[in-house]
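Student: These protein sequence lines map, in sequence, to chains B and L. In case it helps, the working numbering puts the first sequence at residues 1 to 242. In case it helps, the working numbering puts the second sequence at residues 243 to 589.
Hints may be right or wrong, so weigh each one.
Stated by the list, open to error - Stretch by stretch, here's where chain B covers chain L in the computed footprint (C-beta under 8 Å, at least three residues): (1) 441 to 450; (2) 462 to 469.
Unchecked claim - Pair ranges (Cβ atoms, derived): (3) 66(B) with 366(L): 37 to 43 Å; (4) 14(B) with 270(L): 51 to 57 Å; (5) 138(B) with 355(L): 35 to 41 Å.
Said to hold, decoys possible - A few chain L residues that face chain B, going by a derived Cβ cut-off under 8 Å, partial list only: (6) 280; (7) 283; (8) 284; (9) 286; (10) 459.
The set of hints was computed from the structure by calculation and includes no laboratory data. Using N, Cα and C, we set each Cβ at its ideal position, and we do this for glycine too.
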Amino acid sequence: MTEVLSTHGLVAGYGDFQALYDVDVEVHEGEAVALIGANGAGKSTFLRAVMGLLPVAPDMVHFDGAPVGGTPTDRMVQKGVAIVPEGRRLFTGMSVSDNLRVAIDQSSRFERKGCWTLSRLYQLFPILEEKARTPVESLSGGQQQMVSIGRALLCQPRLLLCDEISLGLAPRVVREIYAALPEVRAQGTSVVLVEQDVGLAKSASDRLYCMLEGRVTLSGRSEEITREQIGEAYFGGGHAVG
Amino acid sequence: MTSISTSADAVAAPPAIRVRRQTVSGVIALSLFVLVIVALSTMPWWAKTGTIRMVLELCCYIVAAQMWNMLAGYAGLVSVGQQAFIGVTGYAVFVLAQTFGINPFLAIPLALVVPALVAVPCYLLLHRLDGPYFAIGTWVVAEVFRLVASNLGWVNAGAGMSLAVMREYSGFERNVAMSVLCALMILVSIGGSYLFLSSRYGLALIAMRDNPVAASSQGINVGRLRFMIYVAAAVGCGFAGAVYFMAQLRINPPSAFDPMWSNVAIFIVMIGGIGTIEGVLIGALIYFVADRFFGEYGASYFVVLGVMTVLVALYARTGIWGMISKYWDAPWFPIRRHLLVERKDRA
Numbered sequence: 001m002t003e004v005l006s007t008h009g010l011v012a013g014y015g016d017f018q019a020l021y022d023v024d025v026e027v028h029e030g031e032a033v034a035l036i037g038a039n040g041a042g043k044s045t046f047l048r049a050v051m052g053l054l055p056v057a058p059d060m061v062h063f064d065g066a067p068v069g070g071t072p073t074d075r076m077v078q079k080g081v082a083i084v085p086e087g088r089r090l091f092t093g094m095s096v097s098d099n100l101r102v103a104i105d106q107s108s109r110f111e112r113k114g115c116w117t118l119s120r121l122y123q124l125f126p127i128l129e130e131k132a133r134t135p136v137e138s139l140s141g142g143q144q145q146m147v148s149i150g151r152a153l154l155c156q157p158r159l160l161l162c163d164e165i166s167l168g169l170a171p172r173v174v175r176e177i178y179a180a181l182p183e184v185r186a187q188g189t190s191v192v193l194v195e196q197d198v199g200l201a202k203s204a205s206d207r208l209y210c211m212l213e214g215r216v217t218l219s220g221r222s223e224e225i226t227r228e229q230i231g232e233a234y235f236g237g238g239h240a241v242g
Numbered sequence: 243m244t245s246i247s248t249s250a251d252a253v254a255a256p257p258a259i260r261v262r263r264q265t266v267s268g269v270i271a272l273s274l275f276v277l278v279i280v281a282l283s284t285m286p287w288w289a290k291t292g293t294i295r296m297v298l299e300l301c302c303y304i305v306a307a308q309m310w311n312m313l314a315g316y317a318g319l320v321s322v323g324q325q326a327f328i329g330v331t332g333y334a335v336f337v338l339a340q341t342f343g344i345n346p347f348l349a350i351p352l353a354l355v356v357p358a359l360v361a362v363p364c365y366l367l368l369h370r371l372d373g374p375y376f377a378i379g380t381w382v383v384a385e386v387f388r389l390v391a392s393n394l395g396w397v398n399a400g401a402g403m404s405l406a407v408m409r410e411y412s413g414f415e416r417n418v419a420m421s422v423l424c425a426l427m428i429l430v431s432i433g434g435s436y437l438f439l440s441s442r443y444g445l446a447l448i449a450m451r452d453n454p455v456a457a458s459s460q461g462i463n464v465g466r467l468r469f470m471i472y473v474a475a476a477v478g479c480g481f482a483g484a485v486y487f488m489a490q491l492r493i494n495p496p497s498a499f500d501p502m503w504s505n506v507a508i509f510i511v512m513i514g515g516i517g518t519i520e521g522v523l524i525g526a527l528i529y530f531v532a533d534r535f536f537g538e539y540g541a542s543y544f545v546v547l548g549v550m551t552v553l554v555a556l557y558a559r560t561g562i563w564g565m566i567s568k569y570w571d572a573p574w575f576p577i578r579r580h581l582l583v584e585r586k587d588r589a
């Protein structure tokens with residue numbers, strides 16, 4: 001399988017604070033990779049660094065084999081990386097369809113071709129069609145998350161970065177949202193899932209990386225990694241396995 | 243890098259979306275807008291010189307306010323220093339016409355190059371600042387311009403300049419020029435803003451105002467869009483300044499770089515409704531009427547305007563137009579497009 005994304009000795013931080021130390025992560029085509037770890041382990045920072053929201057050296061991030069570290073965020077979207085940001089960050093004051101249209105407008109500007117159309121998205125999340133004219137702030141958390149995912153998909157990504165999409169949602173809604181992932185991956189889109197819920201992360205991914213204090217402490221195939229290994233890597237005390 | 247995986251290409255289909263934008267209220271407003279433009283440009287034949295001057299002032303306020311609206315209401319750039327470009331362009335007209343002897347009416351379009359050129363280095367300096375720091379920065383820039391103009395010999399320093407060349411034209415000729423310029427200013431600023439906002443940039447701008455980080459994550463080049471708006475707003479304000487001071491026939495540093503311009507623009511936009519063109523028109527009319535009736539009260543009148551702005555900012559953030567459109571959904575400048583998905587697309 002070809003590599004879509006790879007990071008090499010990725011180092012990033014905020015001002016004087018270093019949040020990532022030599023992080024090496026690989027994502028192959030069509031693969032789902034989970035990134036787990038406690039709060040402050042550097043998972044979101046990793047996504048931000050990949051997405052060009054934090055300054056990093058060009059060689060630290062490769063997308064499609066080319067160095068892209070530090071590329072401006074809008075260019076990353078143009079190249080085919082989309083993010084479902086933590087906290088959803090929808091455009092308030094706009095309707096559901098206007099939120100989605102921002103992505104449609106931009107991807108048509110880039111002439112990015114892809115399979116995601118509005119009607120396709122409405123099949124994936126039928127409730128969005130019903131609520132198309134509703135302002136996003138009056139949606140439930142789960143529906144908002146669907147808009148956020150939909151917005152990212154309409155960028156026609158080859159790589160979708162999801163930052164804690166289950167956070168603050170009822171288990172039933174979480175299942176509903178995760179049920180959409182196979183459909184996304186069926187299009188050849190690779191997915192990186194940042195997740196606090198270890199069980200969910202394990203079941204939804206092919207491989208996983210566990211992070212602790214800005215370093216990868218464990219990586220391997222999701223079904224082969226045991227709870228005990230994760231526990232050790234999650235809370236420290238152990239060394240890198242796999 | 244733009245090519246994408248073959249599996250996705252195979253099922254690629256153009257999005258089956260129809261876009262509906264125009265509304266009945268929009269058509270009525272558009273007809274009225276055309277009527278206003280025609281009325282403005284034919285003012286010398288139906289209005290007195292005094293009326294023309296008043297209308298010209300109102301037009302300048304509308305333009306300055308709409309430019310501030312684009313900056314603060316869409317690009318998220320709160321500037322309190324737009325008078326920098328008003329003054330610079332005003333001076334440019336006087337220098338071109340008076341010092342270099344260029345036809346004053348030709349000097350106006352030529353002078354519009356100046357704010358564009360000045361805005362570029364200003365923005366390069368200011369764009370690193372955020373929020374209130376940016377606002378203060380813009381004010382500092384305007385004050386620097388005022389101080390430079392006050393000390394620059396070839397614009398006659400603090401004493402200012404007069405546009406004596408205008409004596410060569412009859413009162414009627416001047417009125418025709420002023421009227422045409424008013425019509426042109428409104429056409430470019432309001433019509434131009436509307437076209438821009440209803441283009442795909444419009445929604446991108448609104449998205450950017452809501453959340454710049456999320457907007458860039460949708461592929462919007464936030465930096466470039468802000469830069470474009472900043473330069474365009476500088477030119478727009480410059481246009482207003484050029485016309486205003488040409489009508490005044492005199493310019494001096496305190497009037498050219500008067501912070502009052504920004505204050506009025508902020509008042510108009512906040513009262514009328516930030517982020518809407520309708521709000522600017524409503525706000526400008528309110529300010530204009532208030533200024534006629536209460537202007538004589540001086541300082542206390544400004545205190546009342548300031549208090550009103552603060553109250554609106556605290557309790558009615560969407561302004562008068564926001565309150566109206568809550569109950570009466572009839573936009574004059576419909577920007578929102580409605581996406582109508584065609585059902586036949588892929589069962």
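Student: Each hint: holds or not?
Tutor: Each hint tested on the structure:
As drawn, the region 441 to 450 of chain L meets chain B at 5 residues by the rule of a beta-carbon pair under 8 Å; at three or more, the given contact holds. Under the rule that three or more residues need a Cβ within less than 8 Å of chain B, the assignment of the region 462 to 469 of chain L holds, with 4 such residues. For the pair residue 66(B) and residue 366(L), the beta carbons lie near 29 Å from each other, so the given range of 37 to 43 Å is not met. Between residue 14(B) and residue 270(L) the C-beta distance comes to about 52 Å, which sits within the given range of 51 to 57 Å.
Distance hint check: the CB atoms of residue 138(B) and residue 355(L) are about 47 Å apart, inconsistent with the given range 35 to 41 Å. Taken as an interface hint, residue 280(L) does not check out: its beta carbon lies about 34 Å from the nearest beta carbon of chain B, beyond 8 Å. With a least beta-carbon distance of about 35 Å to chain B, the hint placing residue 283(L) at the interface is violated under the 8 Å criterion. Interface restraint check: residue 284(L) against chain B, minimum CB-CB distance 39 Å, threshold 8 Å, status violated.
Taking 8 Å as the C-beta cut-off, the interface hint given for residue 286(L) is violated, the closest approach to chain B being about 43 Å. A cut of 8 Å between beta carbons decides the hint on residue 459(L): the least distance to chain B is about 5 Å, and the hint holds.
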